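J.: Sequence:
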Amino acid sequence: MKARAAELARRPFAPTPAPPRNLVEAVDYDAFGAVRYRPDAGLWADPPSDATVRFFHMGRAATQPVAMHVVEGGQARQVIYAENLFDAPADSPARKLGPRAGFAGFRAMNPDQQGDWIAYLGASYFRSADPFNQYGLSARGLAIDTAIDGAEEFPSFTAFWLEKDAQGRLLVHALLNGPSCTGAFRILHDRPAKGGLPGLTQTIQVQLNFRKAVTRLGLAPLTSMYWYGQSDRTPTDDWRPQIHDSDGLSIWTGAGERLWRPLANPPRVTTNLFFDKGPRGFGLMQRDRQFQDYQDDGVFYEKRPSVWVEPVGDWGEGSVQLVQIPTTGETDDNIVAFWTPSAPVHAASRLDYGYRLLWTGEEPGPFGVARVVATRQGRSGRPGLPAIPGRRKFVIDFEGSGLAGLDRSSGVQPVVEARPGRIVDPVAYPVVGTPRWRLAFDAETTGLASGAAVELRAYLRRGSAALTETWSYQAFAA
1 MKARAAELAR RPFAPTPAPP RNLVEAVDYD AFGAVRYRPD AGLWADPPSD ATVRFFHMGR
61 AATQPVAMHV VEGGQARQVI YAENLFDAPA DSPARKLGPR AGFAGFRAMN PDQQGDWIAY
121 LGASYFRSAD PFNQYGLSAR GLAIDTAIDG AEEFPSFTAF WLEKDAQGRL LVHALLNGPS
181 CTGAFRILHD RPAKGGLPGL TQTIQVQLNF RKAVTRLGLA PLTSMYWYGQ SDRTPTDDWR
241 PQIHDSDGLS IWTGAGERLW RPLANPPRVT TNLFFDKGPR GFGLMQRDRQ FQDYQDDGVF
301 YEKRPSVWVE PVGDWGEGSV QLVQIPTTGE TDDNIVAFWT PSAPVHAASR LDYGYRLLWT
361 GEEPGPFGVA RVVATRQGRS GRPGLPAIPG RRKFVIDFEG SGLAGLDRSS GVQPVVEARP
421 GRIVDPVAYP VVGTPRWRLA FDAETTGLAS GAAVELRAYL RRGSAALTET WSYQAFAA
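Just so it is clear: in the sequence shown, position 448 is 448 by the UniProt record's numbering, and no numbers are missing.
Because the hints were derived from the structure by calculation, they are not lab data.
Keeping only pairs whose Cα atoms sit at most 25 angstroms apart, straight-line, the calculated SDA-like set for lysine to any residue is:
(1) K96 to R60
(2) K164 to I204
(3) K212 to A343
(4) K303 to S49
(5) K164 to Q113
(6) K277 to T253
(7) K277 to Q202
(8) K393 to I325
(9) K2 to T158
(10) K96 to V79
(11) K277 to S464
(12) K277 to T470
(13) K303 to R376
(14) K303 to S231
All values reported here derive from a predicted model rather than from experimental measurement.
Please work from the sequences and hints to get the whole structure.
T.: Right, here's the structure in full:
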């Protein structure tokens with residue numbers, strides 16, 4: 001497959017032939033959901049297991065046909081699309097496609113065949129419901145030119161080869177193709193025993209071949225949704241306290257620093273770069289796991305998975321990049337995070353790398369320091385007194401082993417900085433009756449232009465030792 005991808009990159013890009021787009025797009029969300037692959041036609045369905053595969057029909061969300069193959073005994077055979085592999089209502093717009101349709105992707109079923117745990121559908125997107133049997137954010141094969149001038153490019157998985165390894169685990173080989181590059185992906189899926197954590201681990205090996213130079217290359221991209229939450233209460237009439245698939249970006253730097261960046265619904269598109277060398281990992285996390293903080297008894301945001309990217313080998317110099325896009329609802333995936341190498345990407349170049357994706361409840365340890373468990377902001381000054389113009393109050397709560405057993409006399413000191421701007425009255429103290437410590441301060445932006453971005457960083461220390469991870473946030477001057 002690597003050879004096939006490399007040879008394909010030497011040719012001009014040609015999109016996969018597809019049925020008339022108006023017929024495919026007529027299969028909208030509701031119509032797509034009513035088209036079902038026949039359970040008796042599932043791949044590896046007898047006996048059923050978590051490697052049993054069913055295929056998706058084409059529709060508005062996935063308009064390109066994808067070639068499907070099965071690998072058994074060291075040989076590959078193509079799975080041929082046929083209309084009778086799907087059950088659909090008599091008036092379904094999918095029936096108008098007839099034999100011109102094709103497969104759009106696939107999903108692997110739970111052992112009881114009641115629901116799926118991994119789905120590959122649309123461009124190079126895939127997502128897992130592990131470990132809480134609840135879908136949320138997505139991963140994708142590659143991001144190209146995200147949030148820069150001009151259109152973002154979405155290369156697609158155009159063909160899959162599916163097999164089971166000697167242990168019965170699902171092994172996916174995927175061919176990527178797009179205007180700028182081709183790629184060969186090998187993705188091994190390893191699920192823990194029933195009820196185990198952290199959840200699914202995907203071990204991914206990639207080779208990319210570039211037809212042309214790429215301005216912003218995003219490796220191991222993650223895509224999520226953040227509308228509003230504890231730290232960013234965007235004005236809304238919705239009755240739920242918080243709505244988000246992820247609430248923060250976690251980074252474990254090559255130097256060993258732990259960094260937490262709460263997500264936000266910004267007033268404009270923002271891109272933040274966190275430079276590093278040899279990163280140990282990063283991920284979009286859902287740290288708040290309390291139902292009462294969401295009160296959504298339909299989609300259960302507290303059960304949305306977190307995804308942690310763990311590089312295999314040395315990824316060298318580059319940056320974790322976080323893109324946040326304004327949104328007014330929960331149907332938009334407005335958060336993207338990925339790794340961008342410092343080395344420029346030239347035409348005819350090749351890139352090989354590997355990583356693991358952990359679909360988990362929380363980022364892996366060991367932590368060694370206390371974590372951020374809450375971020376809040378509001379009017380400046382002391383409660384009950386008039387707000388001070390040009391200032392904004394921030395309150396961050398930390399909890400964890402780094403602060404265990406410490407009190408006001410233990411020499412705990414806040415370290416806070418603003419660029420630009422000024423920090424006023426920083427104070428840190430234990431919250432009575434809880435295991436938490438609280439850091440509170442005002443950020444002053446007097447003299448800055450309205451809407452100017454202000455980078456805030458804070459942590460707690462004792463002597464020269466950091467007791468907490470580093471909290472990082474971007475505020476905007478009023």
